[in-house]
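Enquirer: Residue numbers (this note's numbering), protein chains in the order written: chain Z, 1 to 423; chain P, 1 to 296.
Treat each hint with caution, since some may be false.
Label-pair distances were calculated between CB atoms; the ranges are [as the list claims (entries may be wrong)]: (1) Z/R2 / P/D65: 19 to 29 Å; (2) P/D163 / Z/K334: 42 to 52 Å; (3) P/E175 / Z/A409: 47 to 57 Å; (4) P/D65 / Z/A370: 30 to 40 Å; (5) Z/L367 / P/A64: 52 to 62 Å.
Covered stretches of chain Z (chain P as the covering partner; in silico rule of three or more C-beta atoms under 8 Å from a C-beta of chain P) [as the list claims (entries may be wrong)]: (6) 234 to 248; (7) 388 to 396.
No wet-lab data here; the hints were simulated from the structure.
As the structure is a computational prediction, the values presented were derived from the model and not from experiment.
Note that beta-carbon positions come from the ideal geometry of N, C-alpha and C, so glycine has one too.
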Amino acid sequence: MRRVIAIGFKDLRLLKRDRMGMVWVIGFPLVVAVFFGSILGGAGEGEHSTMSVAVMDMDDSPGSRAFVQRLKESDALSIKEGMTADRARDAVRRGKLVGFVVVEKGYGDSWEIFHGGKPPVTWQVDPARQIEKGLLGSLIMEASFQILRERFSDPPSMREQIKKAVRSIDEQQDLTPAKRAMLKTFFHALEAFIGAGGAKAFAQDRASTQDEAEAITPVRRRTEPASAFAVTFPQAILWGMLGCTAGFAVSMVKERTEGTLLRLRIAPLSQAQILAGKGLACWLACVGVTVFILLVGRLFFDVQIENPTGLVLAAVSTAACFVGMTMLLGMTGKTPPAVEGAVWGIGLLMAMLGGGMLPLIVMPSWLRTASVISPIRWGILAFEGAIWRHFSLSEMALPCVILIAIGVASFAAGVAVLRRAET
Amino acid sequence: MIRAQDLRKVYGDLVAVDGISLEIQRGEAFGLLGPNGAGKTTTIHMLVGALSPDAGQIEMDGAADATRPDIRRRIGVAPQTLSLYEELTGAENLAFFGRMYRVRGGRLKERVAWGLAFAGLTERASDRVKTYSGGMKRRLNLACALVHDPAVLFLDEPTVGVDPQSRNYIFENIETLKQQGCTVVYTTHYMEEAQRLCDRVAIMDHGKVLALDAVETLIDRHGGASVIEAELERPPADASALPGRLDGTSLRIETERPLEVTAELTALGIRFLSLRIRRPDLETVFLALTGRSLRD
């Protein structure tokens, strides 16, 4: 065992002294994590980017002011007020604003519950930013429905609205007596319901539902990462492991071509001891890279680990997978440059396919299906499962077992190649 | 101590070693002499258990399996390529290979210090191997094979690409090891090295042993006559009285008795401007056996 450890530590020392190798193992993955994490929205709740939108309130009624206030409260919007329509349009043209919203005259009337027509709100968005157009539309809808819901749960306001509606029915000349009687019966019944505390109960019920929702929020499973860094740091770990694979596969070819493997083979060591020593070094390097990258993520980018046991499983099984691949690539390559090229070429393909460059979620479905052949996909899934997907241990089993299976199969293939070379 | 019987190794259509048999005695310096591609390295690799022969048997100290750990502990190999970790220091290389042979603790420190002194690298012990000259690396390559104090040392072309000073250093070290009773198996294509260092030599070509014996015996048996090459002060009046061939003032004589013939010429009153007696060597033995030079 001592000699296995001696081989492992010798390889780790060689990796440490290879400055370029360390750049690929530590430096590059961290750059990937920070760069893509920042692009994808950084630290989520605290730092995500907002849409700058101008709002022109042409109605200036209590209703329109409440609507504008709702928009201002949205985390996704940064509202600019006091602009004219022309200035707002010019700012959009110059790319200073994403778009503008006009609350037209008469919005206050449409605010009434039984108004009937659509609220007169118009908006325009920079044609180059179609994604934001959809988002702005949904935020306007959300603000309108919030106001409507609040009015339903406010008894005095509801009574006032019912009185207005009844007056309006009386003023309508074209209504048949039967229709008029039916509508008035409905509104009187509604007024009686509110008088009996129905609206209050409705409001309380809503409040209690809200309370419940707030109460269960802390224990509810999150289905999305706390920040973009929770997505990019698992990717970075896989890049770091690819760097380890490249470094160790190249060192194995060097051992073969430079004769040091011959020295080891004629020493009183079994083949298993030599391979175990080399595998140990690669495994320790992969686990070390995982720990280092996550430590940086935790200390500087607030990457939280939701399932530490799952993380250990992910690190152990992903490292095992990369050890196997290292063995196979190191034994099949003829020269160090050829192996280095092969590792990065294959690694790049696997990373592209497995979500190591762009998250799988932005890929078309056929590509997501094809990604099952990439160990990078399973590695990322395992780490994400432990970091933010809240995988249970049984859910962790699938990616971990697949990773270990790939590792064992690759290792066995590498050993077979070595044995053939010895005869 | 080492016995090989009918060893054969084939790579595709190439017969690298073709039925070699040899025996090496304890404490002997045994040379495998032959041109590049003769099969010397393949033979060494089979003897040390790095390659499995396609046919034939190998015995090492009576054991049929050269890969047994107790047998391997008694063997040291300095491969032809510089088998060192360039990013490690000289001391780290020695310590690592020592550990592989279960040398530990104080004994390891002692052997590392011995290896550095043996290679003349004590002052450069903490420098990385990549900063060493070619000669220094060669010497360290040899020291790494000796760090566990083996009884048998296999040296595969240990002086390739080495400056004359380092070559001499290596020769002196090997001669010291011989005196200490170490068995040395030495491959080379430099006949003067084999002649200087080896008690017995096997001359190899195309995977076969063409001749195997003590150096002097091989020369006596296959080397032919000595050659006297002389430049005369003036041609003698009667050139027909001279042995050999006279061309102007240049005289060339092939003879089994070079010293006696030279004395006879002097007695005849022949005066020499220059005189050279060339004894047959392993180069001429190889030429006689194969019809070509070792360096062809």
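Enquirer: Range hint 19 to 29 Å: satisfied by the CB atoms of Z/R2 and P/D65?
Expert: With Cβ atoms ~24 Å apart, the hint holds.
Enquirer: Using the C-beta atoms of P/E175 and Z/A409, is the stated range 47 to 57 Å upheld?
Expert: 53 Å, holds
Enquirer: Does the Cβ distance between P/D65 and Z/A370 fall inside 30 to 40 Å?
Expert: Check failed, 50 Å falls outside 30 to 40 Å.
Enquirer: Holds or violated: the 42 to 52 Å window for the beta-carbon distance between P/D163 and Z/K334?
Expert: 31 Å, violated
Enquirer: Count the residues of the stretch 234 to 248 of chain Z whose CB lies closer than 8 Å to any CB of chain P, then report whether that count reaches three.
Expert: Coverage by chain P is violated for the stretch 234 to 248 of chain Z (0 residues, Cβ < 8 Å).
Enquirer: Quick check: the stretch 388 to 396 of chain Z, covered by chain P? Criterion 3+ residues, Cβ under 8 Å.
Expert: violated (count 0)
Enquirer: Go ahead and decide if the range 52 to 62 Å is satisfied by the Cβ distance of Z/L367 to P/A64.
Expert: 59 Å, holds
Of the hints listed earlier, those the structure fails to meet are numbers 2, 4, 6, 7, in rising order.
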